[in-house]
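Undergrad: Going line by line, the protein sequences match chains A and B. This note's numbering applies: residue 1 is where the first sequence begins, and numbers increase by one. This note's numbering applies: residue 290 is where the second sequence begins, and numbers increase by one.
No lab work stands behind these hints: they were computed from the structure. Quick caveat, the model's predicted, so the values are computed rather than measured. Where a beta carbon is used, it is the ideal one built from N, C-alpha and C, also for glycine. A few of these clues could be false.
Lysine-lysine pairs mimicking DSS-like chemistry, simulated, CA-CA at most 27 Å apart [to be verified]:
1. A/232 / A/173
2. A/173 / A/192
3. A/192 / A/232
4. A/14 / A/81
5. A/140 / B/360
6. A/153 / B/435
One side only, chain A facing chain B, incomplete, derived with CB under 7 Å [claimed, not checked]:
7. 159
8. 226
9. 228
Which chain A residues stay away from chain B? Per the calculated CB distances, all over 10 Å, these [claimed, not checked]:
10. 81
11. 223
12. 275
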Amino acid sequence: MTEYNYAYLDEQTKRMIRRAILKGIAIPGYQVPFASREMPMPYGWGTGGVQVSAAVLTPDDTFKVIDQGADDTTNAVSIRKFFERTAQVRVTEATADATVIQTRHRIPEQDLAEGQILVYQVPIPEPLRFLEPRETETRKMHSLEDYGLMHVKLYEDIAQHGHIATSYAYPVKVEGRYVMDPSPIPKFDNPKLNMAAIQLFGAGREQRIYAVPPYTDVVSLDFDDHPFEPTKADHACDLCGSETSYLDEVIIDDAGGRMFVCSDTDFCRCRRAAGHVGRLGTALPEAAE
Amino acid sequence: MTPLLRVTDLSKFYGQRVGCTDVAFNLFPGEVMGIVGESGSGKSTLLNCLAGHVPPDTGEVLFDTRADGLKDTVQMSEPERRMLGRTDWAFVHQNPRDGLRMGISAGGNVGERLMAVGARHYGEIRESATDWLGRVEIAADRIDDKPRAFSGGMQQRLQIARNLVTGPRLVFMDEPTGGLDVSVQARLLDLLRGLVRQMGLSAVIVTHDLAVVRLLADRLMVMKSGHVVETGLTDQVLDDPQHAYTQLLVSSVLQV
Numbered sequence: 001m002t003e004y005n006y007a008y009l010d011e012q013t014k015r016m017i018r019r020a021i022l023k024g025i026a027i028p029g030y031q032v033p034f035a036s037r038e039m040p041m042p043y044g045w046g047t048g049g050v051q052v053s054a055a056v057l058t059p060d061d062t063f064k065v066i067d068q069g070a071d072d073t074t075n076a077v078s079i080r081k082f083f084e085r086t087a088q089v090r091v092t093e094a095t096a097d098a099t100v101i102q103t104r105h106r107i108p109e110q111d112l113a114e115g116q117i118l119v120y121q122v123p124i125p126e127p128l129r130f131l132e133p134r135e136t137e138t139r140k141m142h143s144l145e146d147y148g149l150m151h152v153k154l155y156e157d158i159a160q161h162g163h164i165a166t167s168y169a170y171p172v173k174v175e176g177r178y179v180m181d182p183s184p185i186p187k188f189d190n191p192k193l194n195m196a197a198i199q200l201f202g203a204g205r206e207q208r209i210y211a212v213p214p215y216t217d218v219v220s221l222d223f224d225d226h227p228f229e230p231t232k233a234d235h236a237c238d239l240c241g242s243e244t245s246y247l248d249e250v251i252i253d254d255a256g257g258r259m260f261v262c263s264d265t266d267f268c269r270c271r272r273a274a275g276h277v278g279r280l281g282t283a284l285p286e287a288a289e
Numbered sequence: 290m291t292p293l294l295r296v297t298d299l300s301k302f303y304g305q306r307v308g309c310t311d312v313a314f315n316l317f318p319g320e321v322m323g324i325v326g327e328s329g330s331g332k333s334t335l336l337n338c339l340a341g342h343v344p345p346d347t348g349e350v351l352f353d354t355r356a357d358g359l360k361d362t363v364q365m366s367e368p369e370r371r372m373l374g375r376t377d378w379a380f381v382h383q384n385p386r387d388g389l390r391m392g393i394s395a396g397g398n399v400g401e402r403l404m405a406v407g408a409r410h411y412g413e414i415r416e417s418a419t420d421w422l423g424r425v426e427i428a429a430d431r432i433d434d435k436p437r438a439f440s441g442g443m444q445q446r447l448q449i450a451r452n453l454v455t456g457p458r459l460v461f462m463d464e465p466t467g468g469l470d471v472s473v474q475a476r477l478l479d480l481l482r483g484l485v486r487q488m489g490l491s492a493v494i495v496t497h498d499l500a501v502v503r504l505l506a507d508r509l510m511v512m513k514s515g516h517v518v519e520t521g522l523t524d525q526v527l528d529d530p531q532h533a534y535t536q537l538l539v540s541s542v543l544q545v
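Given these sequences and hints, build the entire structure.
TA: Structural data, given as structure tokens:
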């Protein structure tokens, strides 16, 4: 591949994105505008995440891509191939081996360590967007820390449903200052936002980058009498038997049959390799040996 | 006695045109002041300058803040002014659509100001929302309805509840009864008068309806072409108008 610059983007663009990333890390949760480029994929498929990944990848990195926790979906496979070809990075499915992980809508089950970077694909970076459509006004609200409106959304949830029904893209306050949309991760993952790895958020269409540095205090918003609760399906994984991981519900026939499986495929595979078997699972050959 | 609001030499120009000019007055705690005048006389410009929505070109608007006493709200920083706007001040718009969030339930509308000043207990927020809906005569079972399901009069009452829930000391009202039919107007005025007296509120009411000021205002300011042409006690101004324009205004009211 000599037709493209290393990691697809030209060096000036990568410098511009790195500046935005550094600024984002310096001001945790603040949305930094950047000049998003056209990428060879449609908006909504992770153009923001891909640009952030392109700016941070080096030839020594090991790259992993997950889409809703899975390594083997179209989006994950094609982004992984893309960087394999343009950046000559090693790729992996093992969470612990990766140095850069690009993710759509999940945080891996396994705790991330220092030295790792988690890159999120973000569709709408502005947590106040659906409450206040004017960008000029939401920016002012962020700068003046005028966040009463965010709680109005949660109030409406309780008034309508009896509990906080927001189950993904659950708003958080970063380091006591900026209210941030953690991208559409399930609220089950919100407690994991306090982590040792660097978290970078890229929104391509909306042209925003924001970041959460390691060990930053990230608090999910709630009411005193309706505290934040991470939720998941009340089942164990049918393949690996895990009762603590976030589950996907899969319909398996047209007679109402369904199974629950870990959404994090790597986590599930590791557990099965270690000999755990769920309700519908079979022991993996390597575990049987 | 310290005035709650002291306005000196306030002017606002739109290019060459005069919005309002040389306005000065004191408003004391518990006092209700009416501003009357024809359309385009600068009433709303003046009110928007007072409430900090529009920066005036000259003059001072001193407000007796709880912490520091009299303080110029024109020079104040934006966060401070916003804080005043959701604690000690209230602004009732002529059109309830400007003052309400139409996509959010009545309870959420009333609760927004509470949450903006840091209330984080759902039960208590809901309780005071219910209490305030009761005070403005909206049935408690409408608390989860959206304002667009309300009649014009109810929307206006909801807007008043939303504004008064944090116990402000100064209320700005821009034609609060505009666009309502007379019987609804009468009930709204009755309600407003009750609330103003009960809570000891100070208010600045802009209107072109003399009946509204007769009923609510202690003092009156008559404006014409951006200038204040006459001030005085409401009854005095209405019963014995001195300025030619005031005489015209008073004699224009149809007697039924």
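Undergrad: Each hint: holds or not?
TA: Here's how the hints hold up against the structure:
no. : hint          : result
1   : A/232 / A/173 : 22 Å, holds
2   : A/173 / A/192 : 14 Å, holds
3   : A/192 / A/232 : 14 Å, holds
4   : A/14 / A/81   : 20 Å, holds
5   : A/140 / B/360 : 23 Å, holds
6   : A/153 / B/435 : 14 Å, holds
7   : 159           : 5 Å, holds
8   : 226           : 5 Å, holds
9   : 228           : 12 Å, violated
10  : 81            : 43 Å, holds
11  : 223           : 4 Å, violated
12  : 275           : 46 Å, holds
The structure fails hints 9, 11 (numbered hints given earlier, in ascending order).
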